[in-house]
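Undergrad: Given next are the chains, with one letter for each unit.
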Amino acid sequence: MNLKLKALKKSLWVYHLSAGSCNNCDIEILDLLTPRFDVERFGIILAASPRHADVLLCTGIVNKKCVERIKEVYEQTPKPCVVVAIGACACSGGIFRDGYQMAGPLNKIIPVDVYIPGCPPKPESIIAGIVKFLRELK
Amino acid sequence: MAENKKVIVPIGPYHPLLEEPEYFQLYCDGEEVVDVEWIAGYNHRGIEKLSESKHWEQVTFLVERICGICSTSHPIAYCNAVEDLSGIEIPERAKYIRNVIGELERLHSHLLWVGLAGHFLGYNTVFMWAWKYREPILDMFEMITGNRNHYAMLRIGGVRRDIEDEDIPVLKKTLSEVKDKIKMLTEAVLDDPVLGARLKGVGVLKKQDIKNYGAVGPIARASGVDIDVRKDDPYAAYNLVEWKVITTENGDVFDKAVVRLLESFESIKIIEQSLDAIYHKKGEIWKEVRNIPEGEGIGHHEAPRGEVFHYVRSDGNTTSPVRHKIRAPSYVNIPTFKASCIGQTISDVCIILAGVDPCYCCTERVAVYDKDKKKKVYSFDQLVKKSIEKTERIKKEIGKEGKLWKKLL
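Just so you know, the sequences run in chain order A and B. The first sequence lines up with residues 1 to 138 when you count with my numbering. The second sequence lines up with residues 1 to 409 when you count with my numbering.
Calculated directly from the structure, the hints in this document are not laboratory data. The beta carbon of each residue, even a glycine, is placed where N, CA and C say it ideally should be. Careful, some of the hints might be misleading.
Cβ pair distances, simulated, as ranges [to be verified]:
{"id": "1", "chain 1": "B", "residue 1": "E284", "chain 2": "A", "residue 2": "K138", "range": "34 to 42 Å"}
{"id": "2", "chain 1": "A", "residue 1": "R97", "chain 2": "B", "residue 2": "Q382", "range": "26 to 34 Å"}
{"id": "3", "chain 1": "B", "residue 1": "G30", "chain 2": "A", "residue 2": "R97", "range": "45 to 53 Å"}
{"id": "4", "chain 1": "A", "residue 1": "R51", "chain 2": "B", "residue 2": "E52", "range": "39 to 47 Å"}
{"id": "5", "chain 1": "A", "residue 1": "E72", "chain 2": "B", "residue 2": "V377", "range": "22 to 30 Å"}
{"id": "6", "chain 1": "A", "residue 1": "F42", "chain 2": "B", "residue 2": "E187", "range": "28 to 36 Å"}
{"id": "7", "chain 1": "A", "residue 1": "E72", "chain 2": "B", "residue 2": "K287", "range": "31 to 39 Å"}
{"id": "8", "chain 1": "B", "residue 1": "V9", "chain 2": "A", "residue 2": "K79", "range": "44 to 52 Å"}
{"id": "9", "chain 1": "A", "residue 1": "K108", "chain 2": "B", "residue 2": "E166", "range": "53 to 61 Å"}
{"id": "10", "chain 1": "B", "residue 1": "E52", "chain 2": "A", "residue 2": "N2", "range": "48 to 56 Å"}
{"id": "11", "chain 1": "B", "residue 1": "I39", "chain 2": "A", "residue 2": "K108", "range": "20 to 28 Å"}
{"id": "12", "chain 1": "A", "residue 1": "A7", "chain 2": "B", "residue 2": "E166", "range": "27 to 35 Å"}
With a Cα cut of at most 30 Å, we get these calculated DSBU-like pairs of lysine-lysine [what the hints assert, rightly or not]:
{"id": "13", "chain 1": "B", "residue 1": "K172", "chain 2": "B", "residue 2": "K206"}
{"id": "14", "chain 1": "B", "residue 1": "K132", "chain 2": "A", "residue 2": "K108"}
{"id": "15", "chain 1": "A", "residue 1": "K122", "chain 2": "B", "residue 2": "K172"}
{"id": "16", "chain 1": "B", "residue 1": "K338", "chain 2": "A", "residue 2": "K64"}
{"id": "17", "chain 1": "B", "residue 1": "K172", "chain 2": "B", "residue 2": "K183"}
{"id": "18", "chain 1": "B", "residue 1": "K54", "chain 2": "A", "residue 2": "K64"}
{"id": "19", "chain 1": "B", "residue 1": "K396", "chain 2": "A", "residue 2": "K122"}
{"id": "20", "chain 1": "B", "residue 1": "K396", "chain 2": "B", "residue 2": "K54"}
{"id": "21", "chain 1": "B", "residue 1": "K49", "chain 2": "B", "residue 2": "K282"}
{"id": "22", "chain 1": "B", "residue 1": "K132", "chain 2": "A", "residue 2": "K122"}
{"id": "23", "chain 1": "A", "residue 1": "K9", "chain 2": "A", "residue 2": "K108"}
{"id": "24", "chain 1": "A", "residue 1": "K122", "chain 2": "B", "residue 2": "K206"}
{"id": "25", "chain 1": "B", "residue 1": "K132", "chain 2": "A", "residue 2": "K9"}
{"id": "26", "chain 1": "A", "residue 1": "K64", "chain 2": "B", "residue 2": "K132"}
{"id": "27", "chain 1": "B", "residue 1": "K173", "chain 2": "A", "residue 2": "K64"}
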């Protein structure tokens, strides 16, 4: 295994990127950090800057105004960087796919590694998705 | 606008403190903020236009996804509008179920705000507490509707699912536990000297400011304006239960927190009474609605942040709205920062902006820019002209004027 990947797996620092979502997936991500789910016990913490991030948690449809910013944030992250698309909007566009502001889904803009569908996905399923990915990561 | 010599401090659009993309520019003179500018559009999804391509029933799900926090407020307002249009009276049991869902949502939203306010102040204990006590409320939602957020509970003519009799004792027990926890949290927050020092006298909005900006919801009530759609123009079963509107006088961020926390107890009162009524009154939970007639309707709901307003227009032939207009409370609440932020220090501005409980995904508007010249394509006057033209066109297509239109003229 690549040394960088080995280090990345030890403690994931996540950066939360909301690209035109309805707020719900974002709240479920914040929910992960609060006492009931408390992912900090696994070493997962919210990073303040994309330059410190191992994982980008992206939500939302990616609207036309966001595109440049999303690319910029992705370029700022140190590589390897895991991109997780959370929610139906980020995975496929969901109910908004026909809208005039739709520039996504996310995998049109930046490479995506993990898809966690649901509207919104439950915190349990977000944890399950990340764990599954970490097992597969080689 | 501020002069060039002032320092500009940008907040956003992707800022670790913010959960949504929003962009504020603070014009500062030293520590003091002299002007604030808000640049919107990072969350715009074009929902009003999308709704014109969906079936009446589908729009309920679409408006639910305007906002994740007040995700039943928009459907309630939309259903009120369509029921107003087609003149339907919904069954009494459905009214009480709407009450329960609406007030549970207020509970979880207010707790969420208290938590986030603590987080903004760097007081993470409040954040963790409030979010911990919010979880049982989400469990209640899961029990009634099957999902933690986006409940899909509303339908035109009533509600989609019933609250089962055997669930009611469990719901009541959870509710009384939540009540104790919120009581503890309220006492802790109100007596805390640190929070008092940080929040009292900060970001004051006077009664006149509220009236000038037309602000609604808890921030208006915190300044002593007792505006509440649930009392002023009752819908669902709000006139059938006992409760009162909470107001305070000072209008600072501390009072906004007080209003929200005390309102939670009123919500619990409403839910308890509604659950009793649901237990005793059996009957239909929805009415079949075959056709939406031609015409226009308005509906509103007191969302956790203030009044949500929906307007729909039907031409009687197609299966989707001809025009759907939405006004969310944050749209009128956010501009109050012009009155509350200016003259404060940078460190206070964050909590003042958060004190409004802004919801950007409800509010987002779009502006069309010329890519090369970097200026707005449509000016204010042109937009007004365009909207008048559109109204004229729709009127011509429908063939006659609606009753609301006549009232305006």
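Undergrad: Give a verdict on every hint.
TA: Now the hints, each set against the structure:
Taking 34 to 42 Å as the suggested C-beta distance range, the pair B:E284 and A:K138 does not conform, at roughly 58 Å. Look at A:R97 against B:Q382: about 30 Å separates their beta carbons, and that is inside 26 to 34 Å. Judged by the Cβ atoms, the range 45 to 53 Å given for B:G30 and A:R97 holds: they are separated by roughly 48 Å. A:R51 and B:E52 have their C-beta atoms about 43 Å apart, which keeps the hinted 39 to 47 Å range intact.
As the Cβ distance of A:E72 to B:V377 is approximately 25 Å, the hint placing it in 22 to 30 Å holds. Between A:F42 and B:E187 the C-beta distance comes to about 34 Å, which sits within the given range of 28 to 36 Å. Judged by the Cβ atoms, the range 31 to 39 Å given for A:E72 and B:K287 is violated: they are separated by roughly 52 Å. Checked against the hint of 44 to 52 Å, the pair B:V9 and A:K79 fails, with Cβ atoms roughly 30 Å apart.
Range check, A:K108 to B:E166: about 48 Å between beta-carbon atoms, so the 53 to 61 Å window is missed. Between B:E52 and A:N2, the C-beta spacing of about 51 Å keeps the proposed range 48 to 56 Å intact. Here the CB-CB span from B:I39 to A:K108 is close to 25 Å, well matched to the stated 20 to 28 Å. Range check, A:A7 to B:E166: about 52 Å between beta-carbon atoms, so the 27 to 35 Å window is missed.
Proposed proximity of B:K172 and B:K206 is contradicted: the alpha carbons are some 39 Å apart, above 30 Å. For the hint linking B:K132 to A:K108, the alpha-carbon distance of about 37 Å lies beyond 30 Å, and the restraint is violated. Under the criterion of a C-alpha separation no larger than 30 Å, the hint pairing A:K122 with B:K172 is consistent with the structure, at around 24 Å. In summary, the hint linking B:K338 to A:K64 is supported, as the alpha carbons are separated by about 28 Å, within the 30 Å threshold.
Restraint check for B:K172 and B:K183: the C-alpha separation of about 16 Å stays at or below 30 Å, so the hint holds. In summary, the hint linking B:K54 to A:K64 is supported, as the alpha carbons are separated by about 22 Å, within the 30 Å threshold. The straight-line distance between the Cα atoms of B:K396 and A:K122 is roughly 48 Å, outside the 30 Å bound, and the hint therefore fails. About 22 Å separates the Cα atoms of B:K396 and B:K54, which keeps this hinted pair within 30 Å; it holds.
Proposed proximity of B:K49 and B:K282 is contradicted: the alpha carbons are some 39 Å apart, above 30 Å. Under the criterion of a C-alpha separation no larger than 30 Å, the hint pairing B:K132 with A:K122 is consistent with the structure, at around 16 Å. As the CA atoms of A:K9 and A:K108 are separated by approximately 26 Å, the hinted pair is consistent with the 30 Å bound. Proposed proximity of A:K122 and B:K206 is contradicted: the alpha carbons are some 41 Å apart, above 30 Å.
Taken as a hint, the B:K132 and A:K9 pair is honoured in the structure, with Cα atoms around 28 Å apart against an allowance of 30 Å. With a C-alpha separation of about 36 Å, the suggested pairing of A:K64 with B:K132 is violated against the 30 Å cut-off. Proximity of B:K173 to A:K64 is assessed by CA-CA distance (about 47 Å); at most 30 Å being required, the pair is judged violated.
In summary, the numbered hints that this structure violates are 1, 7, 8, 9, 12, 13, 14, 19, 21, 24, 26, 27.
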